[in-house]
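Engineer: For reference, the chains in residue letters:
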Amino acid sequence: MTAVLEASRRQTAAAGARNVRRQRLRVAVRHAILIGWTIVILFPIYWMIATSFKEKHEWVAWPPHWLPHDFTIKNYTQIFVFDVAEKGVAREATEQPFNVWGPLADSLLICIVSALVALLLGTFLAYTISRFNVGGKHFRHAILMIRMVPPIVIAIPLLMYYAIMIPLAAETVLGTRLILFDTRVGVSLIYIATTLPFVIWMMLTFIEEVPYTLEHAARMMGAGRIYTLRRVVLPLVASGMVVTFLFVFILNWAEFLLALTLTHPDVVTLPVLLNKFQSASEGRLFGPQAAIGTIITIPVVILGILIQKHLIKGFSFGTIRK
Amino acid sequence: MRPPWRRLGAWLAQERVFRLIPFVAVETIFVLVIIIPFLLTVYISFLKWRANRPFEQAYLSGFENYQQVLTDPGFWAALGRTFYFAGAAVALELVIGFVLAMLVARTVRGRGLYITILLVPMMIVPVVVGYNFTMIYIDSGPLNQLLAPFLEAFGIDPRVRWLSDPIAAQWAVILADVWQWTSLTFLIFLSGFSALPKQLINAARVMGATAWQIFWRVELPLLRPAIVIAVVIRSMEALKIFDPVVLLTAGGPGTSTQSIAFYLWEQVWVFNKFSFGAAASIVLLVIFATLIFFGIYLLVRQSATVARRIGP
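In order, the protein sequences belong to chains W and E.
Taking the working numbering, the leading residue of the first sequence gets -6, the next gets one more, and so forth.
Taking the working numbering, the leading residue of the second sequence gets 24, the next gets one more, and so forth.
Treat the hints with care, as some may be off.
[To be verified] Part of the chain W face toward chain E, derived, beta carbon under 10 Å: (1) 31; (2) 33; (3) 56; (4) 59; (5) 92; (6) 94; (7) 95; (8) 117; (9) 219; (10) 254; (11) 264; (12) 286; (13) 289; (14) 298.
Hints were generated in silico from the structure; no laboratory data involved.
Just so you know, these numbers come straight off a predicted model, no measurement behind them.
Backbone N, C-alpha and C define an ideal beta-carbon position, used for all residues, glycine too.
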């Protein structure tokens, strides 16, 4: 073995300067490719942010302005407009005020509440799956299946369910009006159902790292079940829960199809709002759209970068083993 | 006699009851939000009903809706197009993601920064991605400016309307998807590369294997699980494509970029063909369930072989 190593070392030394040069070239090419792709990634984001600071005549100017010539924050003041009184005044199509406050509140409320509920239920279930093997050997895969079903297939049944069946059933059984269509509760419910598989999968990887002996010891010493769960297991998976919460929050924040199909016109989430100004009849409002896009993007990207290290772990799906 | 809530608490704290609480709660949500609507859809798919008439007037019509779906050229064209989009996008994402992961895995300087930036697209809302690419593809966008010197040399007006050409629009959708989801394949491959056993590769090198041999004979077989996972996950997600289509092209020009999700959405929400949509979503679910089952089977088998190879 040492002889072989010695031989290879001598070989390397002989190759000498030529190898060093080749090595340097290789590193340079590697960085060139990576920097190229970095530019590809950052450019569309940069373009959106630049557009959000452009005046109306610059949005589609030819040749395009790589930097806003007339720097303006009008696009932002326009979407964060407070003066409801002025709403009635007829304006030019591109000057219409559209308030981002309502959709922002809707989005935040729906995403936070549904992520919290999914997190609590999912963590609890992941715990019992991990400790008691609830649901059998293939339960975790069965759960994953739900996530793989295309949302459009869920959306059509849900529309009819929310809009027709539940009001009908509530009317006949309870005698009250109960509507889930176009309500925050309705949207939150479906978000909980669609993100639960992710919560369960991510929490399983975190919970399975907690040694069972620890709980066992606590139980032996007379701790109750809930007490063990709260004081022994939860502190150990707390960081995992934060990561999972943020991840699920990002998923809900980005969701478009279900929000588009199950709400109209009261509840508006941010992606739906962005889509509203796509219609040709109003004239494309590129600037305000860019401002909305920037507002949707920036917080989520910051959150994502914060949990990035954990995402790498969560997405390994068992390819990394300790 | 203990008060009833204490007795309830004691009953719930028993192991056989306690462990089923979350299971029952989660299953209840699934039944309420997914299973019941699904059964309702099966029922509606046998009705003759459009939303412009009240539900009470609908009547059973047997398999008429299914017959309509299965003989509808638009449905099959949209389905085929979706597979075409998904195939092209996933192939590109796999190749680019693999190369990037390989390069980053061998980079020392700036590694953390590269990883951070390369993962950013994953976190961007798909609707925003669609919007961003609209801005790039429009006739006075930066893409045309970059291409202008080449186009003007051939006497073509550089202000090309990419999204008005069927094939260019299809590729616009595919490229937007590639831009966003290469980050996911990159992530999966990166964790694959960082899990490669170093001793094995060093051993191969000591025994005189060339870099090329090490790549094909040692690294690639070890990365197979990561490749299977990337293919399965990305294919499943790519077949759902909807958001960038709506934002970029709204299915146009003509029907050239209608994915199956967009097609069904249009049939139900624009043309109010509810029972048709219900039947179509059942057909689609059957097709997808087959694929999903196959995909999960691949994933389970893969994790089983990984476990066997590396040991418990």
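Engineer: Please list, smallest to largest, the hint numbers that this structure does not respect.
Structural biologist: 5, 6 and 7
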